[in-house]
Amino acid sequence: MSVIYMLISISIVVAVFFLYAFIKAVRGGQYDDDYTPSVRMLFDDELVKETNKNQINITEEKQL
Amino acid sequence: MNTSQCFHCGNEIIKKDEILFDDKSFCCNGCKTVYEIFSQNDLSCYYDFQAAPGATPQDIKGKYDFLANEEIVNKLLEFQERTTHIVSLYIPHIHCSSCIWILENLQRLQPGIGASQVNFPNKKVRITYNPEQTNLKQIVEMLCSIGYEPYISLENFDEGKKKVDRSLIYKLGVAFFCFGNIMLLSFPEYFEVNEFWIEQYKGFFRWLTFALSLPAFIYSASGYYVAAWKSIRQGMLNIEVPIALGIVVMFVRSTIDIAFGYGQGFFDSMCGLIFFMLLGKLFQQKTYDFLSFERDYKSYFPIAITKILSDGKEEAVQVYDIKKGDRLLIRNQELIPVDGILISDKTSIDYSFVTGEAVAIEKKSGDKIFAGGKQLGKVIEMEVLFSVSQSYLTQLWSNDVFQKKVDQKHKSITDKISRYFTPALLLLSVMSFGYWIFIDVSTAINVFTAILIVACPCALALTAPFTLGNVLRILGNRKLYLKNAIVIEQMAKVDTIVFDKTGTITTNEKTAITYEGDALNAFELKLLKNALRGSNHPLSRRLYDFIPSQDKMEVTHFEEIIGKGVFAELGENKIKLGSSQFLQHMSENTHKKTKVHVEINGIYKGSYVFNNQYRKGLEQLFESLAKKYNLIILSGDNDGERRILEKMLPESTVLVFNQKPEQKLAYIDNLQQQGKNVLMIGDGLNDAGALAQSNIGISISENVNVFSPACDGILDASQFSKIAFFLKYAKNAMITIYMSFGLSLLYNVVGLSYAVTGNLLPIVAAIIMPLSTITIVSFVTIMSNVFAHRK
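Taken in order, these protein sequences are the chains called A and B. When you line the first sequence up against numbering that gives the first Met the number 0, it's residues 0 to 63, in that order. When you line the second sequence up against numbering that gives the first Met the number 0, it's residues 0 to 790, in that order.
The set of hints was computed from the structure by calculation and includes no laboratory data. Note that this is a predicted model, so its numbers are computed, not measured. A few of these clues could be false.
To be verified - Derived BS3-like pairs: lysine-lysine, alpha-carbon spacing no greater than 30 Å straight-line:
#1 B:Lys-492 x B:Lys-528
#2 B:Lys-123 x A:Lys-23
#3 B:Lys-323 x B:Lys-377
#4 B:Lys-123 x B:Lys-74
#5 B:Lys-229 x B:Lys-312
#6 B:Lys-345 x A:Lys-23
Unchecked claim - Selected chain A positions facing chain B (in silico; Cβ < 8 Å):
#7 Ala-14
#8 Phe-21
#9 Asp-32
#10 Tyr-34
Unchecked claim - If you want the ones that stay clear, here's a sample from chain B, every Cβ over 12 Å from chain A, calculated:
#11 Gln-57
#12 Phe-204
#13 Ser-651
Each residue gets a CB set at the ideal place from its N, CA and C atoms; glycine is no exception.
Whenever a hint applies, use it, and build me the whole structure from the sequences.
Dropping the structure here:
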């Protein structure tokens, strides 16, 4: 039964590790903004859009 | 796509101004340009996340020249190194996912920007750039060109780096860690009573829970000990006293229980209690990061202003560095930061921030102009009379009301209850102790501690934070943003409501113009509009916008007489516009209303009257408020509208006109001396003193992001007609709290009946404590939501 000492010690160590990770995350400012990341993660590679190429040419001509 | 709305900003398009570009319609050139910039840089997905997310870029010519001044830039920067600068800019327009997306792709629009990150709740963007490739001025101008003008004021200059207080979250984390682990380690003893193996290991389990409870006892609960100590020293018994007492007694008794082998102690209940109470604190701490309730003149003032050096050169200087005798250059729409004398020929200045007067005032060369006015018109020059801190407007802030600490103003409902609760509790525990001591000493000690443990007013302490926190959120969703939870309690007590006039019960934007006199035919209107075109007087501009568009005509002769009016000749026709003296025409009550008189070819035609437009639902609001509250209107304006107001509003409404900012403050102070609880609703700097003096000051704002003086709450102007509902809701919130107090006392009675008879087992405490918390929290949440939906 003395294995219980070991198991509980391990579980406490794991819990302390998570507490440490939590405090570190808070200190790093990860919880200061809880909204923007949820929007940001939905953006991906919208930047390049092939359909836009034609329009760009038009606008450049107009500017000349 | 709806053709009548601008593709970029969503505003309605006036048909004749419509610009078609790339199969999309825009309301103006500015919007079209922004679209062009985005599509050229492959950023047109901006329009995919949200329809019409943009803002029309404003003309900022020269406005940000001060950002070329290195000293000023250094003050604004968050971090600087040779190749890296980081700056955080507040951008009021940030409002949707498109904004986040475009602002995080700034590097595509401006080479030299390394990265940019948006903080949406704060409406801030943090830009990292390389100062060798670009500079702050370029970045700010680029932001303006795409409609995201940052707001930079004197406040940014002073604030430095703010320290974020996150200690509550640390405490909460630690408490939860202790609570969870202790709970797990306590379970075996709850369920496996008198088993062989538990007998063998219980010492280990118990001492482990003791060790785990230490961080929560010492660190997480520390705030309660401090608060309790302070309140005892002040001779008051607030709610922190029984809480701190309960925690300490729990800890000491549990330690003794373990040490002498009496039982397993109450460590799980203790940590749970600390955790839940901290959670309540956190819940109550709802803050609107993008709003500021502490604004003073600094957030209105620009950081820098253009100074004219003796050799005629222009230079941007910090506002604080302006000295007496300096010559300043003020552009259109810029705020005058100091008192001074006008050197240029003439200008008109909008003092609506300071005095509440809606109509701009004409100034001639040599006139004194005061800080806080907004310059409308061409570029002017002025000579400084006083430095910033000595100017008339800034002096207002040296009044005592701005120095006073808010929390001392009010005693919260929980503190009031605990004034009776705490002594009663102590009395009960001492009495039970006295009773049992003659029967059995150890039971007596048991009972004494058990009472203090059970009665530890966890539920009582949670009621107010959870109710008020929830109400705060609901009000926030309905666009009334309150500074903190205490404001709700004060709102419930209000018996007198004071309104400002201009900008509060009237709208700032649209002034309704009506015409009195002989009707003008189409040709006369045409003459009038063309005559007005040349005039820069603010009333002329407004009248010009009011008259429907006409064909252009040649103005053969034009003359503007300052402070009087306009004389114009269009071919054969002569037009005279302006004040009644100018036209030598006297009609009754001419001086009471803002009027522009019209004379065509020597014949007096009539006058245009500029009325203030009252907010929608004003009459109904006043009618419903008049039943329960004293209503007062306190205006900085003249009494020209007294008659209209008297007709519109209930008879009991008191109307006071011609009030200067200091007089408004004194008026409110006087009401308070009479024992009234005053709610002041105002806007603008002229109400700042009154807002600070009143029990609650609520500032009303067309755009909550930008201008509002220091106050307890900010109300979106669109919600003006709901003020009666908000006040009723605050009252209902207090009723909820009282009901919930009753409920938590019920729990205390049940718990105490165990405690007084000496039967409090750790397991009973461990069940009662979370159970009461959950009932209280769900009760107040449900009740406050029910009240919110009841109109």
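> Is Lys-323 (chain B) close enough to Lys-377 (chain B), meaning Cα to Cα at most 30 Å?
Replying inline: Given pair Lys-323 (chain B), Lys-377 (chain B) holds - Cα atoms ~24 Å apart, limit 30 Å.
>> Is the claim that Ser-651 (chain B) lies outside the interface with chain A correct, judged by CB distances over 12 Å?
In response: holds (46 Å)
> Given Ala-14 (chain A) was flagged as interface, is its beta-carbon under 8 Å from a beta-carbon of chain B?
Replying inline: holds (6 Å)
> Taking only the CA atoms, is the gap from Lys-492 (chain B) to Lys-528 (chain B) under or equal to 30 Å?
Replying inline: violated (53 Å)
> Keeping to a limit of 30 Å between CA atoms, is the pair of Lys-123 (chain B) and Lys-74 (chain B) held or broken?
Replying inline: Judged against 30 Å, a Cα distance of about 17 Å means the pair holds.
>> Please verify whether Lys-229 (chain B) and Lys-312 (chain B) have alpha carbons no more than 30 Å apart.
In response: violated (60 Å)
> Holds or violated: is the Cβ of Asp-32 (chain A) closer than 8 Å to a Cβ in chain B?
Replying inline: The hint holds - Asp-32 (chain A) has a Cβ within 8 Å of chain B, the shortest such distance being about 5 Å.
> Beyond 12 Å from every Cβ of chain A: is that where the Cβ of Phe-204 (chain B) lies?
Replying inline: violated (8 Å)
> Close enough to count: is the Cβ of Tyr-34 (chain A) nearer than 8 Å to one in chain B?
Replying inline: holds (5 Å)
> Does the nearest C-beta of chain B fall within a distance shorter than 8 Å of the C-beta of Phe-21 (chain A)?
Replying inline: holds (5 Å)
> Does Lys-123 (chain B) pair with Lys-23 (chain A) here, judged by a C-alpha cut-off of 30 Å?
Replying inline: Holds - the C-alpha atoms of Lys-23 (chain A) and Lys-123 (chain B) are around 24 Å apart, at most 30 Å.
>> Is the claim that Gln-57 (chain B) lies outside the interface with chain A correct, judged by CB distances over 12 Å?
In response: The claim holds: Gln-57 (chain B) sits with its nearest Cβ about 22 Å from chain A, beyond 12 Å.
The structure fails hints 1, 5, 6 and 12 (numbered hints given earlier, in ascending order).
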